[in-house]
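Number of protein chains: 2
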Amino acid sequence: MSSEPYRLSATEVLQRFSNGDLTVVEYAASLLDHIDERQPVVKAWEYIDRAQVLQQARELDKVPKEQRGPLHGDDQVELDAGSVIMLRAAGALILGKTRTTEFAATVNGPATTNPHDTGRTPGGSSSGSGAAVADFQASIALGTQTGGSTIRPGSFNGVYAMKPTWNAITREGQKIYSLILDTLGFYTRSVDDLKLLAEVFGLKDDQPPQQPSSGVKGLKLAVLKTMVWDQVGPGTRDALNKGAELLRSHGADVKEIGFPTEFAKLPAWHTIILKSDGRPSFRPEYMVGKDKLDVSLVEHVEEAHGYSRKDYMEAFDGVAALRPKWDAIAEEYDAVIVPSVPDEAPKGIESTGSAAFNSMWTALHVPVINVPGFQGEHGMPIGLSLVTPRYHDQALLEVAKAVGEVWEKEGGWASKL
Amino acid sequence: MSSEPYRLSATEVLQRFSNGDLTVVEYAASLLDHIDERQPVVKAWEYIDRAQVLQQARELDKVPKEQRGPLHGDDQVELDAGSVIMLRAAGALILGKTRTTEFAATVNGPATTNPHDTGRTPGGSSSGSGAAVADFQASIALGTQTGGSTIRPGSFNGVYAMKPTWNAITREGQKIYSLILDTLGFYTRSVDDLKLLAEVFGLKDDQPPQQPSSGVKGLKLAVLKTMVWDQVGPGTRDALNKGAELLRSHGADVKEIGFPTEFAKLPAWHTIILKSDGRPSFRPEYMVGKDKLDVSLVEHVEEAHGYSRKDYMEAFDGVAALRPKWDAIAEEYDAVIVPSVPDEAPKGIESTGSAAFNSMWTALHVPVINVPGFQGEHGMPIGLSLVTPRYHDQALLEVAKAVGEVWEKEGGWASKL
Chain A
1 MSSEPYRLSA TEVLQRFSNG DLTVVEYAAS LLDHIDERQP VVKAWEYIDR
51 AQVLQQAREL DKVPKEQRGP LHGDDQVELD AGSVIMLRAA GALILGKTRT
101 TEFAATVNGP ATTNPHDTGR TPGGSSSGSG AAVADFQASI ALGTQTGGST
151 IRPGSFNGVY AMKPTWNAIT REGQKIYSLI LDTLGFYTRS VDDLKLLAEV
201 FGLKDDQPPQ QPSSGVKGLK LAVLKTMVWD QVGPGTRDAL NKGAELLRSH
251 GADVKEIGFP TEFAKLPAWH TIILKSDGRP SFRPEYMVGK DKLDVSLVEH
301 VEEAHGYSRK DYMEAFDGVA ALRPKWDAIA EEYDAVIVPS VPDEAPKGIE
351 STGSAAFNSM WTALHVPVIN VPGFQGEHGM PIGLSLVTPR YHDQALLEVA
401 KAVGEVWEKE GGWASKL
Chain B
418 MSSEPYRLSA TEVLQRFSNG DLTVVEYAAS LLDHIDERQP VVKAWEYIDR
468 AQVLQQAREL DKVPKEQRGP LHGDDQVELD AGSVIMLRAA GALILGKTRT
518 TEFAATVNGP ATTNPHDTGR TPGGSSSGSG AAVADFQASI ALGTQTGGST
568 IRPGSFNGVY AMKPTWNAIT REGQKIYSLI LDTLGFYTRS VDDLKLLAEV
618 FGLKDDQPPQ QPSSGVKGLK LAVLKTMVWD QVGPGTRDAL NKGAELLRSH
668 GADVKEIGFP TEFAKLPAWH TIILKSDGRP SFRPEYMVGK DKLDVSLVEH
718 VEEAHGYSRK DYMEAFDGVA ALRPKWDAIA EEYDAVIVPS VPDEAPKGIE
768 STGSAAFNSM WTALHVPVIN VPGFQGEHGM PIGLSLVTPR YHDQALLEVA
818 KAVGEVWEKE GGWASKL
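Quick note, the sequences are listed as chains A and B, same order. Here our numbering is used: the first residue of the first sequence is 1, the next is one more, and so on. Here our numbering is used: the first residue of the second sequence is 418, the next is one more, and so on.
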């Protein structure tokens, strides 16, 4: 079963193309057959056109080897104009558009199910992207995060999810919810595939990242439970303890830290920014068809929240002042380990779950990677997040690679798909 | 001549529609005839389709009076998806797309000329928008400002130009140059027309604006020459002196103030943010067709500027920290008067001129209105800018109305078009 092309990571697929062991058409056909079988259950796709995908694949097979881009023939999910332009320029095979919540801006789940338990939510707002990658329907998918829309589906579906530094990659063509929060994100089943994307999208740190010479040994890490720790469930609490212990047992230096008190307002400020920014962002749709909009978006435009412009500026400026302060704290460590979600994916697909543990990092603009490896009391996947200062995206990838090797092997969860 | 419909302001046109003295088709035909005559000289339009405009006009004439939007049948220049959706929903007649510099992101002038002297630049990047409104080819036009791209053409063409508070109006659909700087702006020939747009786009202050009861009398104003005053020419220097004196003679309290020293880095920080943000924003175009991009944009993507991510964050966070400080300073006045440009529009259309006096206000996110009324040594128009704290857009409109009445009447410049 593991030899079927659709199960390979993008990095593995590219290796086979390069060796001549696989054509893009063969790969596309394998994915499309698998998607045909799974779409009725997982419902990850909003739009996919078999003939169009195969046509693309035939064109890509015609490209001479020496002219192929770094993603030649790999599969991708279309979501964003600027990012999709870059993916196509790198030779990616675009499969289709996955499902999201309404404008990727509500917590009302679409029909998409969690492939590990179809009675549970895959998370949101990038519901279909997280589910498709976990279910081997694509090796790479895109998403966005305004609250927790990339990291949450990553944890719920047991895949890697990365939210890079805000504005390190263009957001051109994505529907705007909040300019200062919205961040392009992506899903893969391996850190190597995240690295492929980091190359295509041009993520670059000031210092070239150092590859840990011997796994996690010697890494300086911190554990931070955050100011919303009272919302944690047993799954994430156990994962955080176990994750830290595993790293210590492999020679990492893991220390628990807390937020300085001035960070206490971050969750409230995130809410004020989000809801206030919903007013200009959804005003065009509101003017054209208010009756077709989700009530939460109508409330943003009508300012049902009651926040004044003064409240908004206090939040906007307050978060801005915290960003360099967080960078200075995180600069002391190779990465900081934080919860990705309160617990495993909740039952039902009506709600996509809580972004409580994600929104602060979105507001602080820092890169975050969800690393899978743990499980909750019902055997559903649970991941933990690694964060760094802003523009340490490449350094974070190296740490995630080393940490992921330990957690995926010894964390206790493995995909049955 | 003044009775020809194309010469009317949007507010006047709407009044005639309402009275039944004018149809949208009559108005559209008047504008199109005038544009046909002027396009070979001013070259303000990138795209305009006579048949399509007349078809729109016929449709608008069919709308029953009680169902008409606040901009029923008014003319607009298409530039931005989110803003255009709102304009169409308000009943606006969209004429076409005006010319800009490349991606509205360079200072290399397009073919557009200044209608007051076709040997001079209309400014940029929103070159055609400023020229079209000055030349009565449209009563309203849209633009964007990342440096000085809205206010500069406003001053060079002798029209009103408004850059509202950053993110008070959605930027959805506009090409991104810098997320934290780019701001939708608009051009009109009267403050009443600016007010129409403020209504359609939903600009709202925390406090309802107070209409000055007797012109500028009693207004508390400040004059600020800024840290780039050494770049001023005789035209703007004289305009600033005259503008302040005129307001004093009409009973305003006008006081000169300076920037605190901590604002000194603002121009340099703006440059760092602009060039650094050009990297992610133009990377898609660069990957697809580097050879077709202006060299300045290629340099942004290739980081020819040499700024590190650390330099960028220092600038990004530094400007963020100054925003509430500027608000506190400006809060003491009804508005602060600052230069719009170094001087009248320079000769030649190759370069669109300097944004030195605009970039700091773009970075601080504050609303700015260019008010015309003065002239330079060659009789070309010169405007001055009024600025307030963030989210005082409606209050600023009231001050601009009162100040504009004085400057337009007694400033010494009047359009010969």
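These are computed hints drawn from the structure, not numbers from a lab. Glycine included, C-beta positions come from ideal geometry on N, C-alpha and C. Just so you know, not all the hints are guaranteed correct.
[Unchecked claim] If we take Cβ atoms under 10 angstroms as the criterion, some of the chain B residues that face chain A in the derived model are:
no.	residue
1	Asp534
2	Thr587
3	Phe699
4	Arg700
5	Pro741
Status of the hints after comparison with the structure:
1. Asp534: violated, 37 angstroms
2. Thr587: holds, 5 angstroms
3. Phe699: OK, holds: B/Phe699 within 10 angstroms of chain A, min 8 angstroms.
4. Arg700: holds, 5 angstroms
5. Pro741: holds, 5 angstroms
Checked against the numbered hints given earlier, this structure breaks only hint 1.
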